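Enquirer: In case you want the letters, here they are:
There are 2 protein chains.
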Amino acid sequence: MQEIKSATDYRLLLESRGALPEGFSTGFNRLKFVPAELGNGRQMEMNLSMLLLNEATDCFAGTFTRNLFPGAPVLLCRKRLENDKFRGIIINNKVANVCIKTGVEDSERVLAAAAEKLGCPPSQLMASSTGVIGWHLPVAEMIGAVGDVVENAEKDRSGNAYSLAERIMTTDSFPKLRSREVEGGRITAVAKGAGMIEPNMATMLCFVMTDLDISREYLREILPGIASETFNRISVDSDQSTSDMVIAASSRKKPCGNKDAFKQALYEVCSELAEDIVRNGEGTGHVIKVNVSGAASVEEACAIGKALVNSPLVKTAIAGNDPNVGRFASSIGDYCGNNGIPLQSDKVEIKLGGELILSDGGFRMDPEKESRLAAYMKETSMLPEHKGWPMHEKTVDIDINIGMGNSVSTIIGSDLTHEYVRENADYRT
Amino acid sequence: MQEIKSATDYRLLLESRGALPEGFSTGFNRLKFVPAELGNGRQMEMNLSMLLLNEATDCFAGTFTRNLFPGAPVLLCRKRLENDKFRGIIINNKVANVCIKTGVEDSERVLAAAAEKLGCPPSQLMASSTGVIGWHLPVAEMIGAVGDVVENAEKDRSGNAYSLAERIMTTDSFPKLRSREVEGGRITAVAKGAGMIEPNMATMLCFVMTDLDISREYLREILPGIASETFNRISVDSDQSTSDMVIAASSRKKPCGNKDAFKQALYEVCSELAEDIVRNGEGTGHVIKVNVSGAASVEEACAIGKALVNSPLVKTAIAGNDPNVGRFASSIGDYCGNNGIPLQSDKVEIKLGGELILSDGGFRMDPEKESRLAAYMKETSMLPEHKGWPMHEKTVDIDINIGMGNSVSTIIGSDLTHEYVRENADYRT
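Just so you know, the protein sequences line up as chains S and U, in that order. If you read the first sequence in our numbering, its first letter stands for residue 4, the second for the next number, and so on. If you read the second sequence in our numbering, its first letter stands for residue 4, the second for the next number, and so on.
A hint or two may mislead.
It does not matter which identical chain is used: a pair holds within one copy or between any two.
To be verified - Derived lysine-lysine pairs resembling DSS-like cross-links, with alpha carbons at most 25 Å apart:
| no. | residue 1 | residue 2 |
| --- | --- | --- |
| 1 | K158 | K354 |
| 2 | K372 | K158 |
| 3 | K88 | K35 |
| 4 | K381 | K256 |
| 5 | K266 | K372 |
| 6 | K104 | K292 |
| 7 | K257 | K397 |
| 8 | K120 | K8 |
| 9 | K120 | K88 |
| 10 | K354 | K104 |
| 11 | K104 | K257 |
By construction, these hints were calculated from the structure, which means they are not laboratory data. Please read these numbers as outputs of a predicted model, since none were measured by experiment.
Sequences are here, hints too, so could you generate the full structure?
Expert: Set out below in structure tokens:
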């Protein structure tokens, strides 16, 4: 990353990454509504956004939450993935449209209005929602506003995804936008999500656009694996939302000579966005990167890494810049012992910031190392009193060799700060 | 529970529960030591306690953490469970004696000094430690102090377990002590533990004493099951410590006519202590009781209940007195979807405080119910601004019917408050 000295520098950096692939445009509108469920008549504002392909494409793919209370847009998108053509997606915040009897129908009515304006079959459109679980979409207001969204998208000459990345934010602290030029074409992806960290809100949404001419089959073949190696290896608070989705589409405008290069670039874009999501989580004071090696399987490596980054004790220690290495060992021993993984404690090696802290069943700590590691954790902090975001993209690196096999995995998580509790407990007071 | 108006009332209540079974006594001492690992010469104080049987017994049992970095006392106790006789246990705080090469040997040296003073074989004694992981026991200082501990225990005429419950505390906010009179005898148990919530400290320790004449075999048969239905169904922060143990012993002084009545009383004592541990967790603002029914197996019922009480989003919502029911549904759907449990969302029923909040795949909320439930959560809060502990023993009750089978389980957890983060992140600053 180039040196960033201010939020303006960061915005310029994002815009420089934001060029849309050929054949894509975006549109927006804003509407007011009164959530019936609140009962207090309070008016709220909703952002309505659209990602539009100039022409319908057959090359699109999607991967979705495994939550068994999936939102209506997830149900709708899963079904429309089976269709021949895809023209675009309508995205709203504020209301997630989850556990609503009429949810799918509500989304369909909004899409039908957009399709009419576009002059395309409604079956070519998808919907994506994030917001409060249990509220009804304000369908009439959305239908009233969606015409302008479509019109703006059709007229869009910005050629940049920055606005889309910004409009789909809820409490995200900055837009998330990554791209790669590859094989003469481009992959640009935006994501939204503070890791289910916003009060009531949830949801990671990611939209990937490319102009490289790959086939529908190939895109659908590689997307789930890439999502599972990137977005599925992050955890802000261990909860998978009802509405998570990754939607990818290609306008197929540019020949793609090397599919492997495309796949690698897509992996990199998704991997960087995944880390952005963790870094951006409200309340995140440190990004924790756990490299697990020596595991018997990739699944085991992932699970051990997740156990570590989801341990409240590890998370709070890191929040406090405290190299409390006993908690690292304890959380690994806890997970393995309670999940039938026959770990031998004297084979485990743990490093923090590259320094050995445990091997041969004993800690390798001394007062000087303790001070060095505390300083390292302050250095990697993103809190304003240290080097607040976006001044750096540093991580707290934890390397764990389990000593049982050859499988590896990297898991990215965040610490647990007062800010997290404030956001999630205190928002009504 | 009788009405409690002050901490003094609560102390009197605990003392009234605290009578030791016949054949048991307790002793204490305090020592000063300088942890070598700190490197700053700071002196600390350690409590050394003993639970002593007047005569060695063959009736003793134990159950231990499944953490694969077990503390040295866990290793030592597991081995000594195989011995014929048990005379008592030496308990220290401040140093957990975990991941130390010489850990078992260090504990053995302290026990040998105690055994010499008592005039019994060292093999009849066990050790139990809680405190910082990775520090060495101050063996010389402990040997210097343990003689007085033994002498005090031999002279003890208090006949009450209150002092033991108090001395084994670390940051516990109150002593945990429960008992039952049953079949003409008595079961008295003390526990320590704030659910791995203290900075660096960890560990739930529980010591169960009885004078009822049950056999070694019977005690060992029932203890693991009772522990798994009580202590294993609580979660303050989802981490299982390196040093958890439950040790039970009988002096066999009184005939036991009805083994089932004994078993039921032991279950009740452990169940109450387990809830005390959650209620006492530093930072606990609400005790959450999740009754899961309609599960395909008890394991599934436990896992779903634990997923709910360990969800940071559910925990923070409850901390904020916020009936954010969407998070309840989402955490259940997340757990089941990611663990191969074929839950059907429209079969699930959820109640909060006895009120139906979700059924038939949709929420059953309205503004009035929302207000009632928010009031209910304030009413069950233990924070000083509401009705601070120990004024009540109320719980936030969540009932979940999964609609898949007939198995049930009750899981008890705590919310996630600023106080938790403060305790666990900020203690060095």
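Enquirer: Provide an ascending list of the numbers of those earlier hints which the structure does not satisfy.
Expert: Numbers 1, 2, 3, 4, 5, 6, 7, 8 and 11, in rising order.
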